[in-house]
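Chain by chain, the residues run as shown.
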Amino acid sequence: MWGKGILTGMRITMRNMLRGPITVKYPYERLEIPERARWAVAPKYDGEGKPKCTACMACVRACPDHILDLEFTTREDKSKHIERYSYEIGACMMCGLCVEACPFDAIEMSHDYELARLDPAQLTYDLLADVDAAPVKRARPATAPKAEAAPDEPASTEAAPAEAAPADPVGKEATDE
Amino acid sequence: MTGEIGSDACFTDRIEPGVDELVVNVGPSHPSTHGVCRVIVHLDGEVVTKAEPVIGYLHRGIEKMAENRTYLQVVPLTDRLDYVGSMYANWAYCRTVERLAGIQVPERAEYLRVIVCEMQRIASHMMSLGSAAADTGAATMFIYAFDQREKVIEAFEELCGARLTYNYVRPGGVSFEIPEGWTERVLQFCRDHRDGLELMDRLFFGNVITRDRMKHVGVLSPEDAVAWGASGPVARGSGVNWDLRKHDPYSVYPRFDFDVPTGSNGDCYDRARVRLFECYESCRIIEQAISQMQPGPIRTPGLPRLLAPRPGDAYDHIESARGALGVYLVSDGSVRPYRMKVRSPAFCNLALLPLLAEGHMLSDLVVILGSLDPVFGEVDR
Ligand code: SF4
Ligand code: SF4
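Line by line, the protein sequences are chains R and W. Going by our numbering, the first residue of the first sequence is number 1, and it counts up by one from there. Going by our numbering, the first residue of the second sequence is number 1, and it counts up by one from there.
Don't read these hints as lab results, they were simulated from the structure. Just so it is clear, CB atoms sit at the ideal spot from N, CA and C, and this is done for glycine as well. Please note that a few of the clues may not be correct.
Ranges between beta-carbon positions, derived for each pair [as the list claims (entries may be wrong)]: (1) R:His66 with W:Glu180: 33 to 43 Å; (2) W:Arg163 with R:Pro120: 16 to 26 Å; (3) W:Trp182 with R:Ala91: 24 to 34 Å; (4) W:Glu107 with R:Lys50: 38 to 48 Å; (5) W:Tyr57 with R:Val60: 29 to 39 Å.
Cross-link-like lysine-lysine pairs, in silico, BS3-like; alpha carbons within 30 Å at most [said to hold, decoys possible]: (6) W:Lys151 with W:Lys50; (7) W:Lys341 with W:Lys246; (8) W:Lys151 with R:Lys25; (9) W:Lys215 with R:Lys4; (10) W:Lys246 with W:Lys151; (11) R:Lys78 with R:Lys50.
Partial list, derived from the structure: chain W residues whose beta carbon lies under 10 Å from chain R [as the list claims (entries may be wrong)]: (12) Asp79; (13) Cys160; (14) Thr165.
In isolation and in its complexed conformation, chain R is listed as follows (with noise of 0.2 Å):
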C-alpha cells in the first residue's frame, strides 16, 4: 500500500523533473505580453513624426481619474499649440477610456510596462510638450459630429478594436458642466 503511493508520487515529480522550466528569469528573458496589453498611455505620431493630437479635450473629460491635462493655446488662424499635456501615471489605472474616446486615435497604451521611478515627482510628465497641434483635416458637419478614425489615416491597425464602439450622435461636445 505504501509502496504504490510513493510510486504515484515519484512519477508525478519524475514528469515535472523532466520538462522544462515554464518561469523565466525576468530581466534577462521577457514574456511576450499580448497585442491589446494596456499600460501606460503614450501619444502617437504620424509618418513625419508630428503628434496626431489635435488638442480636442476629449480624452481629458473621459479620463476618470481626471489625470490627463491638456494646456494649449489658440492662435488666429485657429490653429493650436500644445503647451503642455501631462500625464500623471501614479494616478492612472489604465482603463483606456481615454484610448477609447479619441476620435484622431492620437494616443495609445502602450506596452511600456516598468514604470518604476526613483522618485515620486516623475510619475507625472509631459506626453506632449511645446509642438504644435494637428490640424483637424476633415471638416466637421455642422450638425451630428462622429467620432470615426483618424482622418488622415482610416486604416489604422492597432485601435481597430477600440472603433468597434459605436459613434456616438450625442458627441463629445454633450459635457454636463
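Model the placement of chain W with the ligands on the given structure of chain R, informed by the hints.
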C-alpha cells in the same frame, strides 16, 4: 470605554474579569488571512470562544466615488470591488445601468459576457481553492490551482489587455471583439482544465490530511445559511440549492444545460468541493456558449457616450463566484449616478465567521475563513 469606535485598538477592555480567556489579534495583514482582514479572537486554551471580524481596512469609498463619475467612468471602479472576479462587478453594474436606461444588449455581447464570467468563475474558484489549500499546508495544490488560474488570466489579457482590472463589460455591450483563435484556445483550456480538476480532486480532496482538516469544521446548517443571507458556494455547500443563474435566470443562461452542485454537510470540505464542481459546470457553459454564439455586433449601436438615464432607480443582480452580487443605482437624470449601492456576497458570507468559528481550534479559523472565500475589496468597497 467599550462600545466606542476605535476602542477595540486596546485589548484590555475586551477581557472580562474572572473569565480565563486570551484575546488574540489575527491580522490585519496576517499571512493566512485573505486580503486585509482583522479578526479579534477570544481563546479558551486553543479553542475559539468568539471571533469578531473587523472590516474596513480596504475601504476606498467606491460607492461614493461613483457619484462623481459618469456612468461609463464607474466601470473601471467596479473592477476594484472584487479584484479576484472583476468581470462580475462589471457585469452586475452594467446590467443595472442597462435596466435603468432601458438599453437592449446585442446577443453576441451577452454570450461574450457569459463566457468571460464563467471563465472568471474558474479563475476565482481556483484562487479560493489554492489559498484554502495553502492554509492547510498543501503547497502543491496551491501551485496547481494557480497554474489553472494563470491560463484564464492570460486569455483575459489577450482579450482585453488587462490581467485583473478588465474594464471589459460596458453598458450596452463589451469593449472588445474576441481576437483570432481565442475561442479555440479557450476550448482547449476547458479540456485541459477538466484533467486539472480531476488531478486536484484526487490530490487535495482525496487527501486524508485535507479531510481531517476540513471535514466537520465550520458546519453551517441550511437554516442558518438562509437566515444569514449566505449565497453562492457557501449556501450551496450547506445544501441550499440556490443559484441565480437557475432561479432568477438572466442574460442567456436559460439556453444552457448545466447543473448546480450542492453539498450536504455544510462544512469547509463541502464548500470547497462545491467550488471544484462548479468549475466543471463552468466549462460546460463555456463550451455551449461558444458553440451557440453567432457573429453580430458587440455593442448596442447608437448609444451616446454620455448616458443620462431618466430619473429613477434600478437593481439587478448576478451570480458571482461568491454569490448574489447586486448593484442598486439611483439616477436623478444627470450623467452621473445619484447613488450606487453594492450588495456584496463576500460581506454577507463573512458575517458568518463568528457563527462558524465558535468552538473550533485557532488553527481551524483560517480554514473556515478560507472556505468563506471573502475578498476584502468587495467586503469593504
Ligand atoms: S488609462 Fe484611464 S486612468 Fe489612465 S489616463 Fe487614460 S482614462 Fe485616465
Ligand atoms: S486628439 Fe486625442 S489625445 Fe488629442 S486631445 Fe483629442 S482626445 Fe486627447
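These are the hints, each one checked on the structure:
no.: 1; hint: R:His66 with W:Glu180: 33 to 43 Å; result: 36 Å, holds
no.: 2; hint: W:Arg163 with R:Pro120: 16 to 26 Å; result: 25 Å, holds
no.: 3; hint: W:Trp182 with R:Ala91: 24 to 34 Å; result: 31 Å, holds
no.: 4; hint: W:Glu107 with R:Lys50: 38 to 48 Å; result: 43 Å, holds
no.: 5; hint: W:Tyr57 with R:Val60: 29 to 39 Å; result: 33 Å, holds
no.: 6; hint: W:Lys151 with W:Lys50; result: 40 Å, violated
no.: 7; hint: W:Lys341 with W:Lys246; result: 24 Å, holds
no.: 8; hint: W:Lys151 with R:Lys25; result: 19 Å, holds
no.: 9; hint: W:Lys215 with R:Lys4; result: 26 Å, holds
no.: 10; hint: W:Lys246 with W:Lys151; result: 27 Å, holds
no.: 11; hint: R:Lys78 with R:Lys50; result: 18 Å, holds
no.: 12; hint: Asp79; result: 8 Å, holds
no.: 13; hint: Cys160; result: 6 Å, holds
no.: 14; hint: Thr165; result: 7 Å, holds
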